[in-house]
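> Residue-level listing of the chains:
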Amino acid sequence: MPVNPELVGREFPPTAPYLVGREKVREFARAVFADDPQHIDPTAAQALGYTDVVAPPTFAIVVTDATLQQLLAEPDSGIVLQNVLHAEQKFRYTRPIVAGDELTATLSVTGIRAMGGNAMVTSDSEIRDAEGEHVVTATSILLVGEGDA
Amino acid sequence: MTAPSTGSGASTRPGTAVLAVGDVVAERTVHLTRESLVRYAGASGDFNPIHYRDDVAAAVGLPGVLAHGMLTMGLAIGTIQSWLGDAGRILEYGVRFTKPVVVDPETGADVTVVAKVGAVDDESARIDLTVSHNGTTVLVKAQVRVRTG
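Those protein sequences? They're chains A and B, same order as listed.
Residue numbers 1 to 149, in the working numbering, belong to the letters of the first sequence in order.
Residue numbers 150 to 298, in the working numbering, belong to the letters of the second sequence in order.
With the rest of the complex left out, here is chain B (with noise of 0.2 Å):
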């Protein structure tokens, strides 16, 4: 993983400055790799075989072994976590899981984040997370309402 590279308007904290729609105040890239899934599966429970055996992604028809969802959902939020301070400050989260993230067992995979103001009003804000895996987008709708106030 490389190290958080903060955006524009990393300066400006929740509820200490006036947030602009469109203001990236995160973005990081995350190098996942087949130890990363594993890693999830233990800390998470989630034992699905298609996280990490190829021959049971291949039988279900599968481009790969692939991330798990709820682990890109994961670092996704994780990526304003330092900008936002408090986790008390989160309202809601919410994604829709839509393309696969295939790890490649040499090579890993990348994802990229992208967190944005997408609104704002008087108590809070919705940041937007772009979430993408070689130039797809991979979770849609990706949102996080964070308190402001």
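In isolation and in its complexed conformation, chain A is listed as follows (with noise of 0.2 Å):
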């Protein structure tokens, strides 16, 4: 198998916190096509109590992928990132990431499971604010295939 077995159960330390912007929540919205003015428009996120633009639901990806490379970057993971593929991805929210907060994300290895010659690989990010508070937590799935960088 090509990953370290030992990696589950792993956790890492958490990210350096990442302030989220207005202009990158806006920047973000363009880019996914998400038109919604509550994406764009304090205005509008204000009329739905939020403090500030709200960040479509998929931003959660960027705060999370600092995870990621923690979990590439481990070099006893055996992990190659050319063979690496996104398989799976899901999120379970608590709230939705608004323009202000400040998010750390913690990774944990949750699973290895064998497919053939590859490797299937689940981790969830969990993503607090700055009271500590739980946001959202993000499920990764990645198939890992063999070969050398």
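These aren't lab readings, by the way, just hints derived from the structure by calculation.
Each residue gets a CB set at the ideal place from its N, CA and C atoms; glycine is no exception.
There's no promise every hint is true.
Sample of chain A residues at the chain B side, in silico, Cβ under 7 Å [unchecked claim]: (1) Y18; (2) R22; (3) E27; (4) A31; (5) A34; (6) P57; (7) T58; (8) V62; (9) D65; (10) V84; (11) E88; (12) Q89; (13) K90; (14) P96.
Put the two chains together into one complex; each comes in its own frame, and the hints tell you how they fit.
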């Protein structure tokens, strides 16, 4: 199997805080064709009870990315980037991400399953705000193939 | 991108009316170009060259430059946002990436999203997204659980 099975259960240190900016939310919204005003117009977001523009739901992947980089950089992981395919993605939300949030993500590898010569690696990235409250958990399943860099 | 068109159940917002399984709540077709992919790369930080370089895509055996899976996932849920209203109603969103979306340098690619009510209980509903390109389903089990109460 192309992945070190001892990664299961390993938890990584929280990522450096990510400060969500209003223009970043707008830029991301435009990139994913999220044209609802709550993503773009602070007044529309405030009418829904938010302090500033609301990030589209998949914006959580931007914060998660730093944790996946930790996993790929782990010296004993066995994972070679060019052999990695994103197979599944799921988000579980306590609340949406809003401009002004300062977020940290903590990764844990929850499962590795052999599939032919490949491995399916499941990880949870738990995203919390500056008060330590849960915002969203991103569960990623990566299909990792064999081969050297 | 064409303007979002609304489906038969578009006037029934979650929490304000009874949702029936099978109701189409929203649908649209988004036209992706290479510019869309570069824009998403910049907004998300995912600079994997298979999403903008034909030579790299060919070298790793792909049929062409591909849209980011997370771009497809993002534009898919954006289809229901205006119907849904508050993004805080979204409890879970998950997809499996099954088929790639090849984006032609001259003609681009159309991605069509149809959002239907898949299941309803007292407090939430499952919205099933059918996401296709050239008649082929590109995301499977694309499901959003939304709070209706």
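> Each hint: holds or not?
Hints, one by one, checked against the model:
{"no.": "1", "hint": "Y18", "in the structure": "violated (11 Å)"}
{"no.": "2", "hint": "R22", "in the structure": "violated (14 Å)"}
{"no.": "3", "hint": "E27", "in the structure": "holds (5 Å)"}
{"no.": "4", "hint": "A31", "in the structure": "holds (4 Å)"}
{"no.": "5", "hint": "A34", "in the structure": "holds (4 Å)"}
{"no.": "6", "hint": "P57", "in the structure": "holds (5 Å)"}
{"no.": "7", "hint": "T58", "in the structure": "holds (4 Å)"}
{"no.": "8", "hint": "V62", "in the structure": "holds (6 Å)"}
{"no.": "9", "hint": "D65", "in the structure": "holds (6 Å)"}
{"no.": "10", "hint": "V84", "in the structure": "violated (10 Å)"}
{"no.": "11", "hint": "E88", "in the structure": "holds (5 Å)"}
{"no.": "12", "hint": "Q89", "in the structure": "holds (6 Å)"}
{"no.": "13", "hint": "K90", "in the structure": "holds (3 Å)"}
{"no.": "14", "hint": "P96", "in the structure": "holds (4 Å)"}
In this structure, the hints that do not hold are numbers 1, 2 and 10, in rising order.
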